[in-house]
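Taken in sequence, the protein lines are chains A and B.
For any residue, its number in my numbering is found by taking its place in the first sequence, counting from 1, and adding 435.
For any residue, its number in my numbering is found by taking its place in the second sequence, counting from 1, and adding 32.
The set of hints was computed from the structure by calculation and includes no laboratory data.
Glycine included, C-beta positions come from ideal geometry on N, C-alpha and C.
Be aware that a few hints might be false.
Covered by chain A, according to a simulated footprint, are these stretches of chain B (three or more residues, beta-carbon under 8 Å) [unchecked claim]: (1) 270-284; (2) 370-384; (3) 424-431; (4) 648-660; (5) 735-744.
Pulled from the structure, derived: some chain B residues nowhere near chain A, Cβ distances all over 12 Å [as the list claims (entries may be wrong)]: (6) 130; (7) 620; (8) 688; (9) 963.
Simulated DEER-style distance windows between Cβ atoms [to be verified]: (10) 457(A) / 654(B): 21 to 29 Å; (11) 546(B) / 457(A): 28 to 36 Å; (12) 468(A) / 750(B): 33 to 41 Å; (13) 735(A) / 513(B): 17 to 25 Å; (14) 457(A) / 139(B): 56 to 64 Å; (15) 654(B) / 687(A): 21 to 29 Å.
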Amino acid sequence: MKINKLYILGLFASVLLSSCVDDINEDPNRPTSVPTTSLITSAEKLLIDNLRSEQASLRGSMLFVQYFSQNTYTTQSRYDIPFSYSDDYWKGLYKTLNNLEEVVKLNTDPLTKDVATANGAGRNATQIAISRILKSYAFYALTDVFGNIPYQSYGNKDEDFQALQQNPENITPKYASQEKIYADILNELKAAGDTLIKYQSETTFGKADIIYAGSNQKWVKFANSLRLRFSTRIKDKNQALYQEHFQDALSKGVFTSNADNAAFKYSATSPNEAPLYRATVTANRKDFAISNIFVDLLQGKNAILPVSDPRLPIYALPATATNTYVGLPYGLANDQAGKFAATGVSLPGAVINAANYAEVLMEYAEVKFLVSEYNSWSQADYASGVRASLEKWGVSADNVNTYLESLPAASKENVLTQKYIALYMQGLESWSEYRRTGYPSFLVKEGDVVFQGTIDGAGVTYRFDPLFGDGGVPGRLYYPTKEQNVNKANYQEALSAQGNDKIETKLWVFKK
Amino acid sequence: MFELNYKKVMLNFRKLKLLLLFTVLTLFVSAQTGDIYTIKGHVTDAGGTDLPGVTIQVKGNAQSGTLTDIDGHYSISVKKNEILIFSYLGFETHQVEVLSNKPIDVVLKENSTELDEVVVTSLNIPREKKALGYAVQAVSGKALETRPTNALSALSGKISGLQVISSGGNMGGSSRVTLRGINSITGNNQPLYIIDGVPLDNTDMNTSSTINGSAGKDVGSTIQDINPDDIADINVLKGPSAAALYGTRAANGVILITTKKGSSNTDRLDIQVNTGIELENVVRLPKRQKLYGGGYSTSFQKVTIDGKEYNVVDYAADESWGPKLDGTPVLHWYNLDPEYANDYLNPEPWVYPKNDVTDFFRTGVSNTNNIAFSKNSSSSAFRVSFTNKNVKGTVPNSSLSRNAVNISGSTKGDLVSFFGNVNYINNKSTGRPWTGASNRNIILEAYQWGQVQVDYKRLSEYKRADGTPRAWNRTSWENTTAAEKTKYIDNPYWSAYESYLKENRDRLYGNIGLVITPTKWLSLTGRINGDVYQYNSQDRIAYYSRSQSMYQEYSQKFDEFNYEFLATSNNRWGDHSLIANLGANYMRRNRRVSDIQTSGGLMIPAYYSLNNASSVIINPSTGLYKKAISSVYGSVSYGWKSMLYLDGTIRNDWSSTLPTDNNSFLYPSLTSSFVFTELPAFKDQNWLSFGKVRLGWAEVGNDTDPYQLYKTYEALNAFEGNISYTLSDKLNNPNLKPEITSSWEAGLQLQLFNNLIGLDVTYYNNNSRNQIIQLPTSDAFGYSYKLINAGKINNKGIEATLTVNPIRQKDWDWTAIANFSKNSNKIIKLSDAVNTLQLSNTLVSLVAQEGESYGQIKGYDFVYAPDGKKVVNSDGVYMRTDQFASLGSVLPDFLWSFQNQLRYKDFTFGFLIDSRVGGKFFSQTYKVGMYSGILESTAANNIREDGIVLDGVTGNVVFNADGTYTVSNTATNDKRVTAQAWAQNQYNGPTAYTVFDATFIKLRELTLGYTFNLPKWKVKSINVTAYARNLWNIYTKSKDIDPELTNSSGNVQGIEGGNLPTPVTYGINLGFKF
C-alpha cells in the first residue's frame, strides 16, 4: 500500500519534472523549413564562390595556366600549394552539393513537394532538373581538380556512387572513378536538359536564380553546351560517347549568342562582392599581377600569335609607374619578385576586378571553339568563337573586325590558343584544357628563363624553379587532409587506383 | 597552517546553514555517591567562535555524555572529581576535572593534523574527510595569496591530478583546468565550479578560431570573475564519485569554492584591509637573429632622389632575409616622410636597432585593494567586502579594471534561519593582446614576420597629422599615398592604439535561502541560486589599417537560476550514524547572443558605430539559447564507529536538450571508507598513526547543448534582395541519448610516525560511454559534422600526495608536499563507421584515434632510410612523407610538483616547483619565424654565408597507397643548400620539424612573508608578503618556444599559434587586521 503510494507519487513527480523541461528545445533562431528558392540562391553563390575562390582559382588555376603571376609570396606560382586550399575547396563544393540535393529532396518528398512549388518557384520536375545541372557542374569542378572523388547521381544508383548518402547514412563514402563520373555527368545533363525542354516557355525559381533569372530555355542550352565541353574532354577515350552526346546536344540546342552565357553576376554591395574584388580591394592586397606570358601573348610578342589583342586593356591595367602594359615574369622566387614593384607591372583590369563582376560558368565563345574542334578545327566556328569572345568583353566593332582580319587560320594550336585567351578568368576550365591538349604550348616549365635583364645595375637571369611537382604544370591538387583523417581507407583506395597524392599525378581524363 | 582558517569557516558554515543537527545522547546517570553537579558551560575555539556538537563525556563512563548545542552551550550532570572529556573533530581533546558546580567554559585548541579535517562535499554537506570514499583535496585561500587575475591559475601544482594550462598574463586570459585527464572528446572537460553552492557559468567566450590558434584574442572564460580575495578555501572533488550528486555538469569533477564569511563571534566589527602591487614582465620570447635585416635579397635597391643616389630597403618585404646589418647608410622607412624634416632623406646606418621589439613591451602593473568588514553575533553574521583591481597590461594600451563587491549574511532562529550571499563584479578591459594569425598580434608582427632592424622607438610615432599610419612595412619608397600605404603588417603601435578590443562584463551571482528545522534531526533547506551576466565587447579595425576597417558589437546576456530543495536528516544510535538527504533542483538557463559587424569597411575614419558602414553582417550565433534541467536526488551515508563508512547516492535528471522520450537519466554512486587503524590490531602501533582505504564507484550522466536535435537552416546575407538559406555544416540527431561516465576509484591514506609523513594515493579508472560527439565526417557526406552518440574513452591513472612535516616546533615549522599524477588516456571506440576523430585541422591536424590517446598531432614526417637516416630530396632538403603520420600526443606523460612551506617565528617562506613531463606541441610561431628568417637559428653558425649540408641520405623513395614507403639506393647527402632553402623546408616540408616536446620544470611560485603582531595598536597585525610567479624556467626541453601555452580553455590543445609567453610576475601584498 505504502509502496503503491510512493510509486504513484514518484510517477507524478517524474511527469511533472520532465514536463518542466519540454518544449524549450525548439530553436527560435533558425527555421526548420525554407523555400527552395532561398536554397538555390545560396547554392549558386556557394558554387561560384568556391569555384572562383582566392585559393582554388586566384592562387591555383589562374596561376597554373599563367594568366596571373604572384608578385609577393610567390610560392603558389611555384606549386607549393597549402593543404588548406584543398580542404576548403572540397568542403565548399560538397556543401553546395548538399544544398542542391536538398532542393531535389524537397521536390521529391511527398510531404514537401507541393509546398516547394509555391510562390512561382516552378514545377518540381524543373527544379530538380536545374539542380542536377548545377550538381553536375560542382562535380566537374571537383573531379577535374582531384581525380577520383565521392560522387552521387540522381539518375544512376551505381554502388560506387556514395557521396551525399544520408539515408541510410554513409559518412565514409568511397571514391568513384573519373571514367564513371564523366559518363554519368553527361547522362545527368542530358536527362535534365530533356526535362527542361518540355517546359521551355516556363520559368523556375524566378529571380532567385541569379544565373538565368529562371529561364528554363536558357538552362536547356546550358546543359547541352556543357555536354559539348565534357564529351570533348573524353573524345580520345570514348569516341562513341563523344559523338553521341555532341550530336544530341547540338541537335537540342546550345548557346547561340553571348546572351545565352551562363554567368553569375556578383553584387556591388558588401559582403556579396566578387572573389577577385574581395581578394584585392577588400583585403587591400596587390598579390596578383598579369603574367608576362599572357601580356606578351596579347601584345603580339609571341610568335604563335603575332597580333596585338584588343582585349589586353580589358584584361589588364597598365602599370601605374609607366602607363604601359608590363607582365610580371611568371613564377619568380620571393627575392626575385621583390625587384618588381606592384606599381611597375600590370594588375587585373577594371572590368574583371569590379565588385559586381559576372563570373562565367560557360560562354558562347567556348561552344564555338568546341564545335570547331568537332568539325576538325573549322575556320568559321573558330572565327565566330573569337568574335564572340571579343564582343563579350565589349571590344568595339572596328577593333573586332581588325583583329579578325589579322587572325591566323584555324588549326589545332590556333583554336586552342584562342580558346585559352577567351577562357581568361575561368581558370579551372583553362587548366583542364591545358592538361587535355597541352595547349597553349608556351607555358614555362622548370629551368625556362622567365626574366633576363638588368636589375640594380647588374645583369640577371631568372629561371623557373618549382618547389613541388615534376617541373611542369600541376596535374591536380592534393586531396584534403581531412580525408586522410576521417575517410582514410577510401582515400588510400583512390590513391591505389589513380596514383600518389602528389600534384604531378596525371588524372584519368587528362591521360593521353 | 591553512587549516586554521579553513576550520573557522567550516564552523560558521555549519552554524549558518544548520546542516548538522544533533541528537542529544545524554543519558542521565543517576547519582550513586557523592555530590552531583549540573555543570553548564560554553565551548568555543581560540577565536571565540561557538563550537556546536562538541562531544562531552565523563571519563570512564562511556554511557554518559552530551553534545554542545548550536551556540556551543552544554549542560551535563557529573559527580565531583570526575573528569570531563571535550572532544571535537579537528580539535585537540581537552580534559577538565570537576571541582565545583561553577560553569566550565572551554576553549578548544585546533588540531594540527589533517586526519580529522572536515571537507565540504556535494550539496555543500560538510563531512569528516576520513568518512569519504573518494579523493578530495583542499587548499586554503592562502594558496591564492599571489592573487592572480584568474584565481584558478594559482591552483597549478597544488592539487594532484589537476592540470592548469594558463595563458598567463595579468589580463585574465584563459585558464584550462582538467581533473584526471580528458573524458569527453569534443565536449566540455572542465570541472564544475560551485561557489557557496552556486554553480557558476564558465563559458569560454573565445571564438573557434581563437581556440584553434588561427586568430583571435584570448578573452578567457568567465570563471575568472571569481575574486581571489573573497575565497576562504577551495575543495577539489576529483572524480565522478565525489561529484555524482551534482549531476550532469560534474562528470569532470567539481571545484567547490567557499567564500569568506564573518569570523569571530565578538559582536565587534572586524576590519581587514589587503593591498598589493604587482609587476609583470614579458619574458621567454622566441630569440630573434640580429645579423641580417629586412628584405628578400641580400642587396639594397638604389634609387636616385633629387639627383642623389640612396640605398633603399625592401620596405614591402615582411621577412628578414635581407642585407647583412653592416652599418651601410640606408634610407629607413622613417627617412621618407617629408613631415619629419630632420629625418627626411637623411640616411642612417643599417644596424640592429637600439630599441628592438622588446621595447614594445612595458612593465605591467597591477594594484589590488581589498577591504572587508565583518560582524558576527550569536544569532547573525554579516560580511561585506570590496575589491578594486587595476591592471596596466604589458602591451601598449592594454588595461583591465575590476571591481568586486561581496555581501553575505545570515540570521538564525530556533525554527527558521535565513542566509544570503550576493556578489557583483564589473570587469572592463581595453586592448587585450591578440593571438594567432591576426594583423594585430605583436607575436605575428615581430616574431613570425617582420624586419628585425626595425626600431620600436621610431615606430612609436605611429601616426601622421592627417591620421594615416606610419608603417615600416610600406608599399614602396616613393613619397606618394600609394607608396606610404601599409603593405602587410600594421605598425604594432597603430594596432595597439587604434585597432583594439574593449570589453565590459557586469555579473551578479549569489544565493538566498532559508532553513527550517522542525525537529532536531531534520532540516529543510530551500534556496535560489542565481548567476546573471551581461558581456559586451566592441572590436575595431581602424580606417587606414592594412585590413579593411571594421567595427563589431558583440553581446551576451546570460542568466542561470537554480531552485533547490533539500531535506536532511541526521541520526545517531550508539555506534551507528546515518545521514540522509533528499533533494530536488530545477535549473533554467537563457543565453542571448548578439553579434553584429560592419561590412565593406567604415565610411568615416575614427567613428565607431554600426551605422558607419554601407551594410552590416549579423553573425549566425545571434539568437536566444534556452536550456532547463529538472533533477531529484537522494543520498544515504552510514557510519559505524569511526571505522567504517558507506555512502550511496542516486540522481535522476530530465534535460530539455535531449529528445522528449529519452531525456530522463538516472545514475547512482556507491562509496566506502574503512579506517583500518581503528582495528584493535593497529591500535598500539606507534609508527602508523592513521590508515584508511577507500573504494568508490559512480556514474554521472550528461546532456548536451540546446538545439542539437532537429534539422534547421542557416541564414546567409541576402543576395541582391533574394533571401538566402543553407543547410548547416552539422547534421543534428533526433535520437540522441544521454552520455554516461562511470568511474571506479580506490585509495589509500596513511599517516606515519605521528604524522611526520602523510601519504594519499588514489587509483582511478573512468569510462565514458555514449558520448555526444560532433563527429567530423568526410565532407562528401554533405555535412562536415554529424552529431552522434558514440565512443568509449578510458582514463585511468594514479594521483599521489606525499606530505612531510619534519619540523614542528613553536618557532620552526617545515612542511613539504609532493604531488604526482599520471593519467593514461585511450580512445577505445569511436563509432562503427570511423575510427579517427579530427579535433582541429587549421594550423595542424589534431585527432583522436581509436587505440591511441586523445590529441594526436598528425602531419608529414621525415622520410627515413632503413638505417634511420633522414632522406633528402633532389633539392637537398628533407623529404616529407606522402601521407600523414602520427607525430605524438599533446597529453603529458605525468605531472609532478614540489611545494615547500617554511615558518620561522613570524617569517614564512615558500616555493613551488611545477613540472610536466612528456607530450608534444606544434608551434606556428616557429614554423613561420623560420620561413621569414626571423628566428635566431636562421642566422646562426654562419649558415647564411656558407649554407648547410643536411645530415641525411639521398635515395630512391617509392610511396605506396597505404602510406608506407621504401627507400633504396641510398648515398650520403652532399648537396649544400642556402639557409633560406633550409629554413623554408621547415615551413613547407615535414611537419615534424615544428613539433616539440612540452616537458618543463618551472619555479612557479616563491613567497616570503612576515607578520607584525601589534597587540597594543589599533591595527592588530600587519602581514607583508612578497611573491613571484613563473620566475624561472629551470628546464624546458623545447629551446625556441616556451612549451607552456594555451590558446583557449577548449579541447584543442598543444597548438601554439602566436601567443604571448607566460610572463614573470613580482608582487607585494600588505594585509592589515583591525
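Hint check, failures only: Violated hints (numbers, rising): 1, 2, 3, 7, 8, 9, 12, 13, 15; every other hint is consistent with the structure.
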